[in-house]
Amino acid sequence: MFRFKIKKRQEPLVWSSCLVFLGALSLSLAVSAIMLALQNKPPLTAIVLLFNGAFGSLLAIQDCLIKAVPIFLCSLGVAVAFRLKIWNIGAEGQYALGAIGATWVALRFPDLPWFVVLPGMLAMAFIAGGLWGLIPAVLKLYMRANEIIVTLMFNYLAILLLDYLVYGPWKDPVSFGFPMTREFSTSAIVGKIGHTQLNWGIILCIFSGVAIWIFFKYTRLGYELKASGENINAARYAGLPYHRLVMLVLFLSGALAGWAGFLEASSTINRLQPGIVVGYGYTAIVVAWLARLNPISIGIASFLLAGLRVGLEHLQLDLQVPAAFGGIMEGLILLTVLAGSFFIDYRVSLGKKS
Amino acid sequence: MNLEFLIPLLAAAVQSGTPILYATLGEIFTEKSGILNLGVEGIMMVGALAAFVSAKFFGSPILAFLIGGCAGAFLAGIHGLVCLDFQGNQVVSGLALTILGVGLANYLGTPFIGQAAPGFSPMPLPVLSKIPILGPVFFDHDPLVYTAYLIPPAIWAFFRYTRWGMGMRAVGEYPRAASAAGLRATGYRWAGVLVGGYLVGFGGAYLSLAYTHLWTNGLSAGRGWIAIALVIFAFWHPGRAVIGAYLFGGVMALQLRLQASGTHIPSSLLLMLPYALTVIVLVLSSWKRQGTEVPSALGINIEPSE
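Which chain is which? The protein sequence lines are Y and R, in order. Last residue of the first sequence? That's 354 in this note's numbering, and every number before it is there in order. Last residue of the second sequence? That's 1306 in this note's numbering, and every number before it is there in order.
These are calculated hints, taken from the structure and not from any lab test. Note that this is a predicted model, so its numbers are computed, not measured. Where a beta carbon is used, it is the ideal one built from N, C-alpha and C, also for glycine. Treat each hint with caution, since some may be false.
Straight-line distance between alpha carbons at most 25 Å, and here's what the computed SDA-like set of lysine to any residue pairs gives [claimed, not checked]:
1. Y:Lys5 / R:Phe1058
2. Y:Lys8 / Y:Val20
3. R:Lys1288 / Y:Arg144
4. R:Lys1130 / R:Leu1258
5. Y:Lys41 / R:Phe1112
Estimated spans, in silico, between C-beta atoms of each pair [as the list claims (entries may be wrong)]:
6. R:Ala1260 / Y:Cys18: 54 to 64 Å
7. R:Met1123 / Y:Cys18: 52 to 62 Å
8. Y:Ala234 / R:Pro1111: 46 to 56 Å
Covered, in the sense of this in silico footprint (three residues per stretch, anywhere, with C-beta under 8 Å from a C-beta of chain Y), are these stretches of chain R [said to hold, decoys possible]:
9. 1021 to 1027
10. 1091 to 1101
11. 1108 to 1117
12. 1226 to 1233
13. 1261 to 1269
I would like the entire structure built from these sequences, with the hints used as guidance.
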């Protein structure tokens, strides 16, 4: 009889993470193909269409970049919290709150010039999203409430709050009954870069990404954060301010997601409506984990999963594949990568059973 | 408030609390073995769809209910594979499972949206349903509500009096000590994951077979997450899970009634009730607690030995 011998590696394999990712991706694609066949869709055609639709033309790639912006910002926030082993599942709600905060400024001050309105929206989205993240932090620290469940419940609450606003007090009087606010004035819209479809939000992404990277790499606070995440008890003995770190991290996490909501409302849709909440906050968790919380990898993974969404739109149009297909692929990829990471950390060999 | 309003409300509370009860009991069973499964929402959705489709094709609600459970166990098995065999992080794996399960159910369920399937209908128990107040509240329901009454005492007795139950508790508290005592820790955890997933699948099946009788996407609407919160509220005790589940059933029933009665409160604010209550209940049951009821090894993987 043979049996597997499992040994922990001294040094995790570096090059193999690419291999694991490719293996995981192929496995996920294979299962997805079966799912497509189950609904009588041609699997191969569909997968080719998925890739072509996402990355096959310059226009498609622009579309991927546009969708990557909110995913990247949410994911960056989620990753900051994960660094401290705080499970922020609430990016979706923090994103919604950011959109609400920004919309409040846009609707309240429609006549002010852009260089006043836009920074106001930016600040309000930051505060609103941040506070939506801070409340679970306070409940966790002072009342021991599990942050996974609280942040998740805050997603439902945020989305219903958004619904309430656009069906009620903020509803556009001339929208023919559609639940949406009136269109933002031009001074409240983040413009496009040159002749491209891309908006200036990308600059905000780069700025945030670099800032977070510097924060973890070169600042004392960032170092403390990482250390506390590695070992909470040791950090407490060393006198690191754990409570303050948790609050800071969840505020920052929510604020970044809030910026994503601001950009989506202001630049992509130009108003607030329920359709703004499309699951970027959950995709962000997948991205953060696939990227192992590294800001640069988060950028790449955001782009790839944005590509999945763009490709999926083509599948919906051409083959009537339901939108939920994206969830299957995201879930599969994350599960297979998670299982595959085993081979990075452990060495498996065949040995004789004694 | 008069009895004519209160009794139907309490009866509705028991009915709409039943899917949450199945799910909460399933998660308690899993967590007792030391595995945290955050995939409850996804498992419920897949269980609901599997049961719905089987009822449609086989025509037998009982068979469909059992298949719903099997689908739940299957999905939970993926979590078991990732965490028990491949040492994956339990929180992340559970979240991924929810994303996958919700996606699967909504994707495969799209052709069935709005369709009906044969399900369970109320079957008042003789004699018992004639008891004033208690009768109509507890004994005038579909059979799945009654089977849900039997599971909490069964789980309680299992963990308290049987060798396997005690072994599973040991694995959830101190897996290394349990292994040293000759128990197969991974085996117990597999049992916890699969049986728990089976019960959560029942919760989903209840939604499509007895609660709505028709398929809509997003059927479980956060009930899986409420169940996870209720495990903490229940301090991992099946008896307290009953109270929590019916409390939430009551809030959901009340909210539906308020909407139907045409109040001036906007429906989106009414819909917030169960989620807001979840946060409140979670805070109240965690506050000033030492957390001694948590299985000590919850969420911590068992490292493979040489």
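Quick rundown of the hints versus the structure:
no. : hint                             : result
1   : Y:Lys5 / R:Phe1058               : violated, 45 Å
2   : Y:Lys8 / Y:Val20                 : holds, 17 Å
3   : R:Lys1288 / Y:Arg144             : holds, 8 Å
4   : R:Lys1130 / R:Leu1258            : violated, 28 Å
5   : Y:Lys41 / R:Phe1112              : holds, 17 Å
6   : R:Ala1260 / Y:Cys18: 54 to 64 Å  : holds, 56 Å
7   : R:Met1123 / Y:Cys18: 52 to 62 Å  : holds, 58 Å
8   : Y:Ala234 / R:Pro1111: 46 to 56 Å : holds, 54 Å
9   : 1021 to 1027                     : violated (count 0)
10  : 1091 to 1101                     : holds (count 10)
11  : 1108 to 1117                     : holds (count 3)
12  : 1226 to 1233                     : holds (count 3)
13  : 1261 to 1269                     : holds (count 3)
Going down the numbered hints, you'll see the structure goes against 1, 4, 9, while the others check out.
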